[in-house]
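Modelling step: build the complete structure from the supplied sequences, incorporating the hints.
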Amino acid sequence: MYEILHVENPLPEQIPPFCRDGFLFLQARHLLNQAGRPLHYFALVHSETGRADARFAVFIRDDWAVSPCAASFGSFEFKADLSDDELRRLVEAAVTYSKKLPVQGIRIVNYPDCYVPAEAERLRYVLQNTGFSVKYEELNQHVPVSNGSFTEPLHDAERRRLRKCRQAGFTTRIWTDPDVDQLFVFIQKARLRKNLPLSMNSKELASLINNFRSDSPVFTVWDGDRLIAACLGIRVTSDILYYFLPADHEDYQQFSPSVMLVESLYSHCQQEQISLLDLGISTSRSVRNEGLIQFKKRLGAVESAKFVFEMRF
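In this text, residue positions in the sequence shown follow my numbering: the first is 900, and each later residue adds one.
Simulated from the structure, these hints should not be mistaken for lab results. Treat the hints loosely; a few may be bogus.
[What the hints assert, rightly or not] If you anchor each label on the Cβ, the simulated ranges turn out as follows:
{"no.": "1", "residue 1": "R1062", "residue 2": "S1032", "range": "40 to 50 Å"}
{"no.": "2", "residue 1": "R1211", "residue 2": "D1124", "range": "51 to 61 Å"}
{"no.": "3", "residue 1": "R1062", "residue 2": "E912", "range": "23 to 33 Å"}
{"no.": "4", "residue 1": "H1054", "residue 2": "R928", "range": "38 to 48 Å"}
{"no.": "5", "residue 1": "G1123", "residue 2": "V1033", "range": "18 to 28 Å"}
{"no.": "6", "residue 1": "N908", "residue 2": "R1062", "range": "49 to 59 Å"}
{"no.": "7", "residue 1": "Q1193", "residue 2": "P1001", "range": "40 to 50 Å"}
{"no.": "8", "residue 1": "N1100", "residue 2": "R1065", "range": "30 to 40 Å"}
{"no.": "9", "residue 1": "R1211", "residue 2": "N908", "range": "18 to 28 Å"}
{"no.": "10", "residue 1": "N1094", "residue 2": "K999", "range": "18 to 28 Å"}
[What the hints assert, rightly or not] Okay, derived cross-link-like pairs now, SDA-like style, lysine to any residue, Cα gap no bigger than 25 Å in a straight line:
{"no.": "11", "residue 1": "K1102", "residue 2": "R1065"}
{"no.": "12", "residue 1": "K1102", "residue 2": "M1210"}
{"no.": "13", "residue 1": "K1102", "residue 2": "R936"}
Beta carbons are placed, not taken as given, at the ideal position from N, Cα and C, and that holds for glycine.
Encoded structure:
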(Lines of atoms letter the chains of each structure in order from A and count residues from 1; the text may use other names and numbers.)
(Lines give C-alpha, C1' and ligand atoms only; values in the text may rest on other atoms or scores of the structure.)
Protein backbone atom coordinates (compact mmCIF):
# COMPACT_ATOMS: atom_id res chain seq x y z
CA MET A 1 0.00 0.00 0.00
CA TYR A 2 2.85 2.38 0.84
CA GLU A 3 6.27 2.78 -0.67
CA ILE A 4 9.06 4.66 1.06
CA LEU A 5 10.65 7.33 -1.09
CA HIS A 6 14.07 8.80 -0.41
CA VAL A 7 15.63 11.44 -2.66
CA GLU A 8 18.85 13.37 -2.09
CA ASN A 9 18.74 17.00 -3.27
CA PRO A 10 15.44 16.47 -5.09
CA LEU A 11 14.19 18.48 -8.02
CA PRO A 12 10.68 19.94 -7.54
CA GLU A 13 9.13 17.29 -9.80
CA GLN A 14 10.67 14.50 -7.70
CA ILE A 15 8.69 15.52 -4.61
CA PRO A 16 5.21 13.94 -4.69
CA PRO A 17 2.11 15.96 -3.79
CA PHE A 18 1.14 15.76 -0.13
CA CYS A 19 -2.24 14.47 1.02
CA ARG A 20 -3.25 17.99 2.11
CA ASP A 21 -1.85 21.52 1.83
CA GLY A 22 0.18 20.91 4.98
CA PHE A 23 2.74 23.04 6.77
CA LEU A 24 4.47 25.69 4.67
CA PHE A 25 7.89 24.72 6.03
CA LEU A 26 7.55 21.14 4.72
CA GLN A 27 6.23 22.07 1.29
CA ALA A 28 8.64 21.53 -1.60
CA ARG A 29 8.83 25.22 -2.44
CA HIS A 30 10.01 26.07 1.07
CA LEU A 31 12.32 23.09 1.56
CA LEU A 32 14.07 23.79 -1.73
CA ASN A 33 14.44 27.46 -0.76
CA GLN A 34 16.29 26.57 2.47
CA ALA A 35 19.97 27.11 1.78
CA GLY A 36 21.47 24.00 3.42
CA ARG A 37 22.66 21.03 1.36
CA PRO A 38 22.61 18.14 1.08
CA LEU A 39 18.86 17.80 1.57
CA HIS A 40 17.44 14.33 2.13
CA TYR A 41 13.70 14.01 1.50
CA PHE A 42 11.66 11.05 2.74
CA ALA A 43 8.02 10.24 2.06
CA LEU A 44 5.47 7.49 2.56
CA VAL A 45 3.82 7.35 -0.86
CA HIS A 46 0.42 5.70 -1.34
CA SER A 47 0.68 3.20 -4.20
CA GLU A 48 -2.78 4.04 -5.57
CA THR A 49 -3.01 7.81 -5.17
CA GLY A 50 0.68 8.64 -5.73
CA ARG A 51 0.40 11.10 -2.88
CA ALA A 52 2.58 11.27 0.19
CA ASP A 53 0.62 10.49 3.36
CA ALA A 54 3.70 11.27 5.48
CA ARG A 55 6.87 13.27 4.83
CA PHE A 56 10.13 14.28 6.43
CA ALA A 57 13.30 16.09 5.41
CA VAL A 58 16.74 16.57 6.92
CA PHE A 59 19.68 18.79 6.02
CA ILE A 60 23.30 18.08 6.92
CA ARG A 61 24.72 20.84 9.11
CA ASP A 62 27.52 20.89 11.69
CA ASP A 63 27.86 17.08 11.62
CA TRP A 64 24.17 16.58 12.32
CA ALA A 65 21.14 15.63 10.24
CA VAL A 66 18.80 18.47 11.17
CA SER A 67 15.15 19.16 10.50
CA PRO A 68 14.74 21.98 9.59
CA CYS A 69 17.72 23.94 8.25
CA ALA A 70 16.10 27.38 8.10
CA ALA A 71 12.54 27.45 9.42
CA SER A 72 10.59 27.54 12.65
CA PHE A 73 10.24 23.75 12.62
CA GLY A 74 10.67 20.65 10.49
CA SER A 75 9.80 17.13 11.66
CA PHE A 76 7.40 14.48 10.35
CA GLU A 77 4.04 15.53 8.97
CA PHE A 78 1.45 12.85 8.29
CA LYS A 79 -2.17 12.14 7.48
CA ALA A 80 -4.35 12.03 10.59
CA ASP A 81 -5.57 8.47 9.99
CA LEU A 82 -2.16 7.02 9.14
CA SER A 83 -1.40 4.08 11.41
CA ASP A 84 1.35 4.24 14.01
CA ASP A 85 2.99 1.23 12.35
CA GLU A 86 3.30 3.01 9.01
CA LEU A 87 4.53 6.19 10.68
CA ARG A 88 7.13 4.15 12.58
CA ARG A 89 8.22 2.54 9.31
CA LEU A 90 9.02 5.95 7.83
CA VAL A 91 10.82 7.08 11.00
CA GLU A 92 12.91 3.91 11.03
CA ALA A 93 13.75 4.28 7.33
CA ALA A 94 14.94 7.86 7.88
CA VAL A 95 17.05 6.76 10.85
CA THR A 96 18.54 3.77 9.01
CA TYR A 97 19.58 5.92 6.07
CA SER A 98 20.87 8.76 8.26
CA LYS A 99 23.20 6.33 10.03
CA LYS A 100 25.01 5.93 6.71
CA LEU A 101 25.70 9.66 6.52
CA PRO A 102 28.76 11.38 8.02
CA VAL A 103 26.74 12.70 10.98
CA GLN A 104 26.67 12.06 14.73
CA GLY A 105 22.89 11.98 14.95
CA ILE A 106 19.51 13.46 14.04
CA ARG A 107 17.98 16.57 15.62
CA ILE A 108 14.31 17.37 14.99
CA VAL A 109 12.55 20.61 15.89
CA ASN A 110 8.88 19.68 16.07
CA TYR A 111 5.89 21.93 15.46
CA PRO A 112 4.09 23.27 18.56
CA ASP A 113 1.65 20.76 20.02
CA CYS A 114 -1.21 23.23 19.62
CA TYR A 115 -1.04 22.97 15.81
CA VAL A 116 -2.32 19.38 15.61
CA PRO A 117 -2.51 18.08 19.20
CA ALA A 118 -3.47 14.46 18.47
CA GLU A 119 -0.81 14.01 15.78
CA ALA A 120 1.84 15.70 17.94
CA GLU A 121 1.15 13.29 20.80
CA ARG A 122 1.26 10.27 18.50
CA LEU A 123 4.51 11.41 16.88
CA ARG A 124 6.15 11.95 20.26
CA TYR A 125 5.20 8.39 21.25
CA VAL A 126 6.57 6.92 18.01
CA LEU A 127 9.80 8.93 18.11
CA GLN A 128 10.53 8.04 21.72
CA ASN A 129 9.80 4.37 21.04
CA THR A 130 12.16 4.48 18.08
CA GLY A 131 15.11 5.72 20.13
CA PHE A 132 14.70 9.50 20.12
CA SER A 133 14.83 11.48 23.36
CA VAL A 134 13.60 14.96 24.18
CA LYS A 135 16.61 17.27 23.96
CA TYR A 136 14.61 20.13 25.41
CA GLU A 137 11.04 21.39 25.65
CA GLU A 138 10.21 24.93 24.62
CA LEU A 139 7.21 26.88 25.89
CA ASN A 140 5.08 28.08 23.00
CA GLN A 141 2.25 30.60 23.34
CA HIS A 142 -0.64 31.26 21.00
CA VAL A 143 -3.85 33.29 20.92
CA PRO A 144 -7.05 31.48 19.89
CA VAL A 145 -8.90 33.65 17.37
CA SER A 146 -12.64 34.05 17.79
CA ASN A 147 -15.31 36.38 16.42
CA GLY A 148 -14.96 38.49 19.56
CA SER A 149 -12.91 41.63 20.04
CA PHE A 150 -9.15 41.39 20.51
CA THR A 151 -9.48 43.53 23.64
CA GLU A 152 -11.84 41.14 25.48
CA PRO A 153 -9.17 38.87 27.04
CA LEU A 154 -6.56 41.62 27.43
CA HIS A 155 -5.11 42.49 30.80
CA ASP A 156 -6.04 46.02 31.93
CA ALA A 157 -2.44 47.20 31.49
CA GLU A 158 -2.41 46.12 27.81
CA ARG A 159 -5.77 47.76 27.22
CA ARG A 160 -4.31 51.02 28.55
CA ARG A 161 -1.27 50.71 26.28
CA LEU A 162 -3.47 50.03 23.27
CA ARG A 163 -5.66 53.03 24.12
CA LYS A 164 -2.55 55.18 24.50
CA CYS A 165 -1.36 54.16 21.02
CA ARG A 166 -4.72 55.04 19.51
CA GLN A 167 -4.81 58.39 21.26
CA ALA A 168 -1.35 59.15 19.89
CA GLY A 169 -2.68 58.59 16.38
CA PHE A 170 -0.56 55.55 15.51
CA THR A 171 -1.72 53.59 12.48
CA THR A 172 -1.29 50.00 11.33
CA ARG A 173 -0.98 48.57 7.85
CA ILE A 174 0.47 45.69 5.88
CA TRP A 175 3.60 46.96 4.15
CA THR A 176 2.92 45.60 0.67
CA ASP A 177 6.23 46.64 -0.91
CA PRO A 178 8.63 46.84 2.03
CA ASP A 179 12.09 48.36 1.93
CA VAL A 180 13.84 45.18 3.05
CA ASP A 181 17.07 46.92 4.02
CA GLN A 182 15.17 49.37 6.23
CA LEU A 183 13.11 46.55 7.71
CA PHE A 184 16.17 44.43 8.42
CA VAL A 185 18.04 47.25 10.17
CA PHE A 186 14.92 48.00 12.21
CA ILE A 187 14.55 44.37 13.32
CA GLN A 188 18.29 44.00 13.95
CA LYS A 189 18.46 47.06 16.23
CA ALA A 190 15.45 45.92 18.25
CA ARG A 191 16.82 42.40 18.77
CA LEU A 192 20.28 43.64 19.71
CA ARG A 193 18.66 45.91 22.29
CA LYS A 194 16.85 42.92 23.79
CA ASN A 195 19.82 40.52 23.49
CA LEU A 196 17.86 38.27 21.14
CA PRO A 197 19.52 36.34 18.30
CA LEU A 198 18.65 37.15 14.69
CA SER A 199 18.13 33.94 12.75
CA MET A 200 18.69 35.38 9.26
CA ASN A 201 20.69 38.02 7.41
CA SER A 202 19.33 40.72 5.13
CA LYS A 203 19.61 38.56 1.98
CA GLU A 204 17.72 35.72 3.63
CA LEU A 205 15.00 38.11 4.81
CA ALA A 206 14.72 39.49 1.27
CA SER A 207 14.47 35.94 -0.10
CA LEU A 208 11.69 35.07 2.36
CA ILE A 209 9.68 38.18 1.54
CA ASN A 210 10.21 38.02 -2.22
CA ASN A 211 9.70 34.28 -2.67
CA PHE A 212 6.81 33.93 -0.21
CA ARG A 213 5.14 37.30 -0.54
CA SER A 214 1.59 36.00 -0.13
CA ASP A 215 2.63 33.80 2.83
CA SER A 216 4.71 36.35 4.75
CA PRO A 217 3.08 39.79 4.79
CA VAL A 218 4.89 42.50 6.78
CA PHE A 219 2.67 43.97 9.52
CA THR A 220 3.61 47.44 10.76
CA VAL A 221 2.73 50.26 13.14
CA TRP A 222 3.54 53.86 12.16
CA ASP A 223 3.75 57.23 13.86
CA GLY A 224 3.11 59.36 10.81
CA ASP A 225 5.80 58.21 8.38
CA ARG A 226 8.01 56.74 11.12
CA LEU A 227 8.10 52.97 11.51
CA ILE A 228 7.68 52.09 15.20
CA ALA A 229 6.81 48.37 15.20
CA ALA A 230 6.94 45.54 12.67
CA CYS A 231 6.84 41.78 12.21
CA LEU A 232 6.21 39.17 9.57
CA GLY A 233 3.01 37.15 9.68
CA ILE A 234 3.90 33.71 8.31
CA ARG A 235 0.92 31.75 6.99
CA VAL A 236 2.06 28.33 8.23
CA THR A 237 -1.23 26.75 7.13
CA SER A 238 -4.57 28.12 6.00
CA ASP A 239 -5.56 28.10 9.69
CA ILE A 240 -2.34 29.26 11.44
CA LEU A 241 -0.54 32.62 11.37
CA TYR A 242 2.90 32.85 12.98
CA TYR A 243 4.15 36.11 14.56
CA PHE A 244 7.75 36.20 13.30
CA LEU A 245 10.64 38.60 14.05
CA PRO A 246 8.64 41.17 16.04
CA ALA A 247 10.47 44.45 16.60
CA ASP A 248 9.70 47.87 18.05
CA HIS A 249 11.40 51.28 18.12
CA GLU A 250 13.40 52.09 21.24
CA ASP A 251 11.89 55.60 21.47
CA TYR A 252 8.36 54.21 21.87
CA GLN A 253 8.75 51.74 24.71
CA GLN A 254 6.39 53.74 26.91
CA PHE A 255 3.64 53.15 24.33
CA SER A 256 4.30 49.43 23.75
CA PRO A 257 3.20 49.54 20.08
CA SER A 258 3.68 45.78 19.92
CA VAL A 259 0.20 45.43 21.45
CA MET A 260 -1.25 47.37 18.53
CA LEU A 261 0.85 45.26 16.17
CA VAL A 262 -0.58 42.01 17.58
CA GLU A 263 -4.08 43.49 17.37
CA SER A 264 -3.54 44.05 13.64
CA LEU A 265 -2.50 40.40 13.20
CA TYR A 266 -5.55 39.28 15.17
CA SER A 267 -7.85 41.37 12.94
CA HIS A 268 -6.16 39.89 9.87
CA CYS A 269 -6.80 36.40 11.26
CA GLN A 270 -10.48 37.22 11.70
CA GLN A 271 -10.70 38.53 8.12
CA GLU A 272 -8.93 35.48 6.71
CA GLN A 273 -10.77 32.97 8.97
CA ILE A 274 -7.54 31.90 10.69
CA SER A 275 -8.24 30.35 14.09
CA LEU A 276 -4.76 30.29 15.66
CA LEU A 277 -2.31 33.19 16.06
CA ASP A 278 1.03 31.69 17.09
CA LEU A 279 3.10 34.14 19.15
CA GLY A 280 6.08 31.76 19.18
CA ILE A 281 8.29 30.37 21.91
CA SER A 282 9.09 32.25 25.13
CA THR A 283 12.01 30.08 26.14
CA SER A 284 15.49 29.42 24.77
CA ARG A 285 16.58 25.81 25.18
CA SER A 286 14.03 25.53 28.01
CA VAL A 287 15.27 28.70 29.78
CA ARG A 288 12.20 30.84 30.48
CA ASN A 289 11.94 34.51 29.52
CA GLU A 290 9.53 35.51 32.27
CA GLY A 291 8.95 39.03 30.95
CA LEU A 292 8.00 37.72 27.52
CA ILE A 293 5.82 34.97 28.99
CA GLN A 294 3.88 37.47 31.09
CA PHE A 295 3.51 39.90 28.17
CA LYS A 296 1.94 37.20 26.01
CA LYS A 297 -0.28 36.03 28.87
CA ARG A 298 -1.59 39.58 29.19
CA LEU A 299 -2.55 39.37 25.51
CA GLY A 300 -4.67 36.30 26.24
CA ALA A 301 -2.12 33.72 25.10
CA VAL A 302 -2.43 30.00 25.86
CA GLU A 303 0.62 27.80 26.51
CA SER A 304 1.65 24.60 24.73
CA ALA A 305 4.84 22.58 24.30
CA LYS A 306 7.25 22.60 21.39
CA PHE A 307 9.67 19.66 21.58
CA VAL A 308 13.14 19.24 20.16
CA PHE A 309 14.04 15.57 19.69
CA GLU A 310 17.49 14.09 19.28
CA MET A 311 19.05 10.72 18.52
CA ARG A 312 22.81 10.25 18.78
CA PHE A 313 24.38 7.48 16.74
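- Message: Run through the hints listed earlier and report the numbers of any the structure violates, in increasing order.
- Response: 3, 5, 10, 11 and 12
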